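Undergrad: Here are the chains, one letter per residue:
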Amino acid sequence: MRLEQRTHTPYAVAIAAPVCAVAFTLLLCAALIVWAGAPVGRAYIVLFDGAFGSRFAIGETLTRATPLILTGLAAAVAFRARFYNIGAEGQLYLGALAAVAIGGGGFAAPSVVLFPLMIAAGMAAGAMWLLVPALAKSRLGVDEVVTTLLLNFVALLFVSMMLDGPMKDPTAMGWPQSVAIVSDLEFGKLLERSRVHSGLIFAVVLAVALWVVNARTTFGYEMRAVGANARAARFAGIAVDRVMLKTALLSGALAGLAGVGEVAGRAGYLTLDMSPGYGYSGIVIAMLASLNPLGVVLAAIFVAGVIVGADSMSRVIGVPSYLADVIVAISLLSMLVATMLTRYKLRWS
Amino acid sequence: MTIAHEAPDGATGPQAPVLRLRGITKHFGALVANDDVSLELERGEVLGLLGENGAGKSTLVSVLFGHYVADAGSIEVFEQPLPPGQPKAALAAGIGMVHQHFTLADNLSVLDNILIGTETLWQPFSRRRGAREKLARTATQFGLAVDPDARVADLSVGERQRVEILKALYRGARILILDEPTAVLTPQESQALFSTLRTLVADGLSILFISHKLDEVLAACRRVAVLRQGRLVAVREAASTSKAELAELMVGRRVEAAQRDNAGPSVAAGPLLAVVNLAAGAKLKRAQFSVARGEIFGIAGVSGNGQAELADVLCGLLAPVRGEIRVDGRTLAGTPHAFIEAGFGRVPEDRAAVGVIGDLSIWENAVAERYRDRAFSHLGWLDRTQAKVRAARIVAQFDVRCSGLDAPARSMSGGNVQKLILGRALISEPSVIVANQPTWGLDIGAVSYVHSQLLAARSRGAAIVLLSEDLDELFAIADRIAVMFHGTLSEARTCWSVGDIGLAMAGAEAAQA
Amino acid sequence: MSELYDIVASTAFWIAVLRIATPLILGTLGVLLCERAGVLNLGIEGIMVAGAFCGWLAVFHGAGLWTGVLVAACAGAIFGLLHGVLTVVLALSQHVSGLGITLLATSLSYYAYRVNFPKVSSPPTVVPFGETHWFDALPALGAVLGAQTPLTLLALAIVPVIAYLLNRTPAGLAVRMVVENPAAVEAQGISVTAVRIGAIVAGSALMGVAGSFLTLSAFNAFYFNMVNGRGWICVALVVFASWRPGKALLGAILFAAFDALQLRLQQSSAGGLPYQLYLMLPYLLSIIALALVARKAAYPHALMKPYRKEER
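Chains as they are written, first to last, in our numbering: chain A, 1 to 349; chain B, 1001 to 1513; chain C, 2001 to 2312.
The hints are simulated quantities; they were obtained by calculation from the structure and are not laboratory data. Owing to the predicted nature of the structure, the values given are computational and were not obtained by experimental measurement. One or more of the hints may lead you astray.
Said to hold, decoys possible - If you want the footprint, here are the derived chain C segments under chain B, 3+ residues with CB under 8 Å:
id, segment
1, 2164-2172
2, 2176-2183
3, 2187-2196
Said to hold, decoys possible - Listed next, the in silico DSS-like pairs over lysine-lysine satisfying Cα-Cα at most 25 Å (straight line):
id, chain 1, residue 1, chain 2, residue 2
4, B, K1283, B, K1213
5, C, K2296, C, K2247
6, C, K2305, A, K345
7, C, K2296, B, K1285
8, B, K1283, C, K2296
9, B, K1243, B, K1213
The beta carbon of each residue, even a glycine, is placed where N, CA and C say it ideally should be.
For reference, chain A alone in the conformation it holds in the complex (with noise of 0.2 Å):
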């Protein structure tokens, strides 16, 4: 069996690729539900409708795609540029813990002024986070995906001394977590009844821009030539190593947002249980995404739906909830052979 690259992609291919993908993933997964002794067609609708069904539902897969649009960006802009940034995870928790350390109360200053420098904060500290495996990456040549994978669990532990120590919250009575952010300080909400904010917003407008950014300047010129052949873009001038490096800081800014936004915006307060790996799921959204910012919108709420809708599912029917992984892998893992057959052609021989 051989590949053969297409010269261009038949439009029906382009379309039924995805299509196939997901369908494919569906049939898979109807064979694990009825595993669990569950009837498919039921289980789908109401997978379905606990994410999209009604107004709360929409709601709270709309909360969950905030976080997941974030550090899907993240992933979507570092892996363009072939930095292989997988320590999203740790940048998200270092991002909302220093949301916590100057939203929560600490500092009296007006609001005006403190609520930029709380969202700075938490993005400068997601960059410093990867500042570090960016820099040994160019100077030493370190691979960056082992280091990154790595600082995931110093992140969380710094994260539970933090809790443990100095920003515990003397009024929770024992359990690990931060003071809550000063209400002044909170996101505002989006929807009446529902916990989706104005974080939203913050990472839809992201998605956009970084769409301009990529397609129309020089900046976006010089990331997506570096990831395509960094040999050729040294070559044609482009100074790769400073290029990695601002594209490795925006990567971790956008996860650091991700965790101010979680806490600033949903919970209120930072405990270790925060995120259900929506670091690694950006992950896995930023390659449905085919690393498109637009496309990660739409793949991030298709992921938070999953989640979502797998929830409850679980509560009506007893499916167990770890299906929405098995779903978001089985897709992922689809739909990049999908993809792959919109560019080459296999050929038996």
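Position chains B and C against the provided structure of chain A, taking the given hints into account.
TA: Positioned in the frame of chain A, the structure of chains B and C alone reads:
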């Protein structure tokens, strides 16, 4: 020169050919790489397969060796049909292949390289001692001495080729296919190879010798088959044909070689580019030369002697360890950007991997060195309109054939990629041009186009450094030539004999001219 | 200082070191096999989860302990095969495919656990491997080795086996060659695809066994998050070991020694430092080790480069 036209064991008279190709046809998409090629190789002969780059020689041998499967046609080896698409079957049938790009693993020993594939994969041990003895026997039999424990990376190019030939002989190959075997050798090494080939043929082997160089084919072969655009256009006896006839058969028309005009370089104005006492990387030990306006300065040498490092320094990719580069008396700092700003036009060796970014569009590649200029960007915003205007100008002026400015660069053929790179470098009329192997792998038409562009730049008064492994090219268009050996650049001369330059490439002191 | 000496000189310490090192040795060898054939396998984290779960489940349903290990190896091999098809045959991004495998293997294991045991509050247990006491007669070393379970001894024994396979057999030569120059292997009539997939499957089987050590030897039940980054550490260790089996053993033991040390220091809580600082140490140590060797790390030639025939 005398060539063993006939094997001494009397392999004359009507005898079945050892290898017979019948009607081989192979398409790649719309491209027809081989069109109904039928060919016979007789016992104890060297058959030349002549053709331009892109004529379908490599495809034909890849089909023969089972790397590709032909769309039509059949192959017989020793009168047995050869199953298609199985390199293993080809090996078992006694076909040995010496690829143009050696298929050796640099970090493994010679013995490891020869052993690979000779034993059953699931055997729990490797019979290394027996293999070592057999290798020594084979080496003595054919006069191809090589240290079995040497790391391949430590061998010279000629020695590596010897390992490749030994590898084929070790598995008892009776038919040897040599793909452009002289491309990487010095003239003297080529002569040594030809004498090895005579030994092999005398031993009853049959050899298919693939080349695009007329002289060599005439020197080494008994018969010559000519491929053009995938078709076999003629088979001639070497004794009864001429260089001119073969050239015309190969190209299908007369090609005017680009001519240098007679105006010499303007040496009087002093050198424009001066390279002083330069050392860089692990391989470039010392290079010193200067190039005047209107001069093409050629640098010859067998690959791997430091030319790549020199080219990298001259493109700003590699910072020198010692020494400096001056243009018009000003010293240049070592970043690619600084060299572009200083007016360098640069043509890299590896056009697909370094020259262009395949996934970006043609217009994006056309402004790759210039996107930061005020003409193409304002406050960080790319001016797509102006960039496309520039790209369109390059495409028109340098005859780049493409399906549109928005098509990805990887959709173009090698020749057109080179024209785009050349156009990008030359459109702003650079005062200094650094071209590294600018015609490697191009067909004759594209080669002469590249030469004419370089010569036009020379007439305009540019100082040009041309690094090439192709001596014919250097002799044709360079004003002066210096030779790289083991990282040191020789004195430049305006006039070399082939013998002298060959010796210099092999490291011997050239005879005083 | 003397406290430190007491710790390092004790037999109990070295028993713990070998126990901690076992999954790392097996996992690192697994990664090593994959990478020596040119394929990064970030699926290890998930494959270890799958190995831990499947091995344990088999034993829980009445299979023998060694059958459980075999089941774990097969589970690993199946995910390895999937990774191989995606990265070698279809030439997809090795990073993303590996992460996808990790996500898939982990979530499938958790899902299957919940389907099998919908409402258990404390995880069901099995009777794990016991100490062998085969080497008790040996002086000094005997006490350390004797207190190990058979899987640890297996891990130690596999190191020279892998080294021999790689350096002294035709199949090993093919693996070493395929990462240096895939075209050379193809030219000799050996399929690059087959060699690479073979190495990935074998390596992933080892990763599965590494996971089963956790549920069948170190503990006696399956917990969520029990692999806890061990797989990623193996990926780092392989770089540190410059892709050599012997050095991989050394690296795993060194790492385990630091891990055991931090556990003991944490218990003695000498400086009154937060315990999280000690827990960070192994991860920070891996990063520092990577930074130290990165300059001279001779990455396998064709690592992460897919091989495509007939590309033009």
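Undergrad: Taking the hints in turn, state whether each one holds.
TA: Okay, the hints, checked on the actual structure:
Only residues whose beta carbon comes within less than 8 Å of a beta carbon in chain B count, and the segment 2164-2172 of chain C has 4; three or more means the coverage holds. A count of 5 residues in the segment 2176-2183 of chain C with a Cβ less than 8 Å from any Cβ of chain B is obtained; the coverage claim is therefore met, three being the minimum. Counting residues of the segment 2187-2196 of chain C whose CB falls under 8 Å from any CB of chain B gives 4; the rule of at least 3 is met. Of the supplied pair hints, the one linking K1283 of chain B and K1213 of chain B is violated, its CA atoms being roughly 30 Å apart against a limit of 25 Å.
Under the criterion of a C-alpha separation no larger than 25 Å, the hint pairing K2296 of chain C with K2247 of chain C is consistent with the structure, at around 15 Å. Simply put, K2305 of chain C and K345 of chain A have alpha-carbon atoms about 20 Å apart, close enough for the 25 Å limit, and the pair holds. For the hint linking K2296 of chain C to K1285 of chain B, the alpha-carbon distance of about 23 Å falls within 25 Å, and the restraint holds. Proximity of K1283 of chain B to K2296 of chain C is assessed by CA-CA distance (about 18 Å); at most 25 Å being required, the pair is judged to hold.
At most 25 Å may separate the alpha-carbon atoms for a hinted pair to count; K1243 of chain B and K1213 of chain B meet this at roughly 10 Å.
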